[in-house]
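Novice: Each chain, letter by letter, is given below.
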Amino acid sequence: MTHKTIRVGGLSRVEGEGALTVRARDGRVTGLELRIYEPPRFFEALLRGRSHTEPPDITARICGICPVAYQMSACQAIESACGARVSGPLRDLRLLLYYGEWIESHALHVYLLHAPDFLGYESGIAMAADHRDLVERGLSLKKAGNALVAAIGGRPIHPVNVKVGGFYRVPTRRELAPAAERLRRAREVAVATVSWVAGFDFPDIEHDYRFLALSHPGEYAILSGSVATSDGEGFDVHEWPAHVTEEQVPHSTALHARLDGAAGYLVGPMARYSLNSAQLSALARQAAAEVSLGQYCRNPFRGIVVRAVEIVHACDEALRIIENYTEPDTPAVPVEPRAATGHGASEAPRGTLYHRYRIDADGLIAEADIVPPTSQNQARIETDLLHLIEPRLHLPKEELTALCERAIRNYDPCISCSAHFLDLHVDAQ
Amino acid sequence: MSTSKDTRRVPRLAVWKFASCDGCQLTLLDCEDELLSLAVKVEIAYFLEASSAVGRGPYDLSLVEGSITTPEDLERIQHVRRVSKHLVTIGACATAGGIQALRNFADVKEFASVVYARPDYVATLEHSTPISAHVPVDFELRGCPIDKRQLLEVISAFLAGRRPVVPPHSVCVECKARGNVCVMVAHGTPCLGPVTQAGCGALCPAFNRGCYGCFGPMERPNVGALNRQLRELGMSTPELVRVYRTFNATEEPFRQASERAEEAGGRE
Ligand code: SF4
Ligand code: SF4
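In order, the protein sequence lines correspond to chains A and B.
Here the first sequence is numbered in the working numbering, starting from 1 and rising by one per residue.
Here the second sequence is numbered in the working numbering, starting from 1 and rising by one per residue.
Hints in this document: simulated from the structure, not taken from any laboratory.
Heads up, a few of these hints could be off.
[What the hints assert, rightly or not] Listed next, the in silico DMTMM-like pairs over lysine to aspartate or glutamate satisfying Cα-Cα at most 25 Å (straight line):
| id | chain 1 | residue 1 | chain 2 | residue 2 |
| --- | --- | --- | --- | --- |
| 1 | B | K148 | A | E175 |
| 2 | A | K397 | A | E382 |
| 3 | B | K148 | A | E382 |
| 4 | B | K41 | A | E122 |
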């Protein structure tokens with residue numbers, strides 16, 4: 001019996017820390033664990049006893065890459081508990097802020113974190129040595145997203161201007177003008193990005209995914225909607241707890257989510273695209289059609305193309321909102337606390353992000369529950385890795401590790417919300 | 001992230017992460033206009049969020065994000081100190097323990113049981129502590145998140161072998177400089193600006209919002225005077241306790257303020 005252990009350090013260009021252990025016998029994988037050891041920070045516990053006005057600021061600190069997503073899901077959950085509704089121009093401003101985060105986060109992933117995999121560089125910065133113009137283009141795209149978030153939110157990371165009910169102060173048309181100027185250039189860059197990334201070499205791998213994403217009658221869902229799945233069964237956000245359950249696995253500090261009892265569904269850009277692509281903006285649909293993306297995407301390596309298409313959509317829609325923008329009369333609607341439970345979900349760049357709060361009569365939080373994209377995708381990522389590794393167990397460890405890291409990066413797992421080291425152990429017997 | 005041999009003389013930068021949201025290290029990648037020129041001046045030798053190249057130590061400058069919350073991290077921070085000539089902490093997590101230090105005022109076992117069905121699977125320390133509680137720190141940069149301009153100043157200062165120029169005054173001074181109207185005087189909005197360290201450019205007041213102290217306490221803040229003002233504006237004891245217990249709750253002046261408010265509340 002041969003016993004082989006392979007250790008490799010460094011799951012980089014993802015957010016958080018992870019390790020992958022694979023046990024194999026006679027060429028079959030007998031066990032596979034993607035371990036996430038992001039130190040637990042206990043947000044759901046520390047939120048108890050806080051005021052119902054605080055979750056947007058507190059939960060933003062779960063993830064510095066997608067704070068707006070946390071703020072939006074939190075606000076909507078609390079508003080629904082309190083029977084308040086943010087609509088019209090205030091809702092448009094929220095959308096605008098959220099599009100800014102999508103542009104920033106997707107541009108970061110596409111140019112600095114993911115493209116280097118396809119072009120054989122260790123980082124976006126190393127890639128700049130040979131492709132400075134490309135990396136600068138990516139940075140300008142990212143900057144356009146950040147500038148939009150800052151114009152509305154005050155700063156790109158942990159914006160200060162979001163509150164339950166709306167905003168502290170709404171921007172003037174003039175304040176949005178420079179952001180719009182950048183967005184017009186960004187939209188062109190985004191279209192060019194789609195054709196650039198579509199030209200990469202993609203491994204010929206497709207999976208039979210179960211997708212879950214929000215869906216909205218009026219738009220490619222980002223800020224709100226009801227839950228749609230590729231099973232055909234949809235449900236309202238307030239029915240989430242009846243459908244999605246989280247369980248703890250010993251090897252990870254991120255919980256694993258199950259959908260209607262079964263593990264291994266997928267949220268994120270591929271899910272959104274496959275369920276809602278018809279609702280993308282005309283320009284985004286055209287960009288997708290020109291690279292023959294089709295109506296669905298089931299090749300995780302092509303996720304980078306979907307992200308690029310979503311950037312086009314975000315720029316397009318953001319510009320549309322700015323063009324039609326008139327300052328709302330009031331920066332926020334009143335939100336009066338009452339004893340109730342509220343649910344809120346939105347589409348973070350990495351997938352559906354659900355929040356639930358139970359509030360008491362004094363407006364204090366009695367219970368909080370947060371289901372981030374990473375915990376929903378983790379089981380599915382493990383399955384992908386299993387399919388990827390099993391036929392390739394004979395490969396040299398460097399090659400296998402690099403492939404696994406790429407497979408994980410396809411999902412842009414934000415492991416803050418739930419990996420930086422991929423320590424690959426292969427125990428082959 | 002250059003690994004070519006002719007970069008030997010170039011100072012080597014490392015970025016480390018402990019318990020955190022990644023927002024402070026992302027601030028470095030958010031320097032879109034400066035990133036590529038910085039990458040020429042320094043070798044970004046270790047920065048897992050951005051690169052799979054893992055250059056070995058020693059490093060001239062280590063930026064450390066996040067707080068110490070697990071038994072392994074107690075040891076890892078010692079390693080980081082050993083391999084770093086200069087160690088600079090970035091952000092409220094690393095300088096004060098961060099929002100996750102709210103456990104310090106509670107029972108961590110109870111906290112873990114709220115989030116995990118099997119808390120015994122989760123290795124965690126009772127307290128979330130700043131880096132300076134474990135190793136000597138050469139400079140602490142505040143903010144949740146840190147400010148991009150201040151980060152660039154800190155990096156250039158250490159590369160030039162000088163102390164960073166980071167103002168010690170309060171957010172109020174920045175409000176004056178920016179021409180904000182005082183939200184407390186004009187709108188009666190409670191604001192921690194008078195006791196909070198500058199650096200953000202008085203962001204919240206510019207959005208008609210009171211400062212919530214994300215940069216932590218300034219040097220020698222007059223917390224007592226502010227508390228009287230906040231009470232006059234109608235803040236209740238529990239509200240006072242909460243306002244000091246966020247991202248910098250363990251910083252001495254904020255910790256004392258929240259504990260005093262709690263005691264006073266107990267007597268009421
Ligand atoms: S200080 Fe704030 S922004 Fe920085 S890592 Fe900690 S939570 Fe994130
Ligand atoms: S005003 Fe206060 S809370 Fe707001 S960004 Fe500045 S330091 Fe942070």
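Novice: State for each hint whether it applies.
Specialist: Here is how each hint holds up against the structure:
Distance restraint check for K148 (chain B) and E175 (chain A): the Cα-Cα separation of roughly 21 Å lies within the 25 Å cut-off, and the hinted pair is therefore satisfied. Distance restraint check for K397 (chain A) and E382 (chain A): the Cα-Cα separation of roughly 18 Å lies within the 25 Å cut-off, and the hinted pair is therefore satisfied. Our distance criterion of 25 Å between C-alpha atoms is broken by K148 (chain B) and E382 (chain A), whose separation comes to about 37 Å. As the CA atoms of K41 (chain B) and E122 (chain A) are separated by approximately 19 Å, the hinted pair is consistent with the 25 Å bound.
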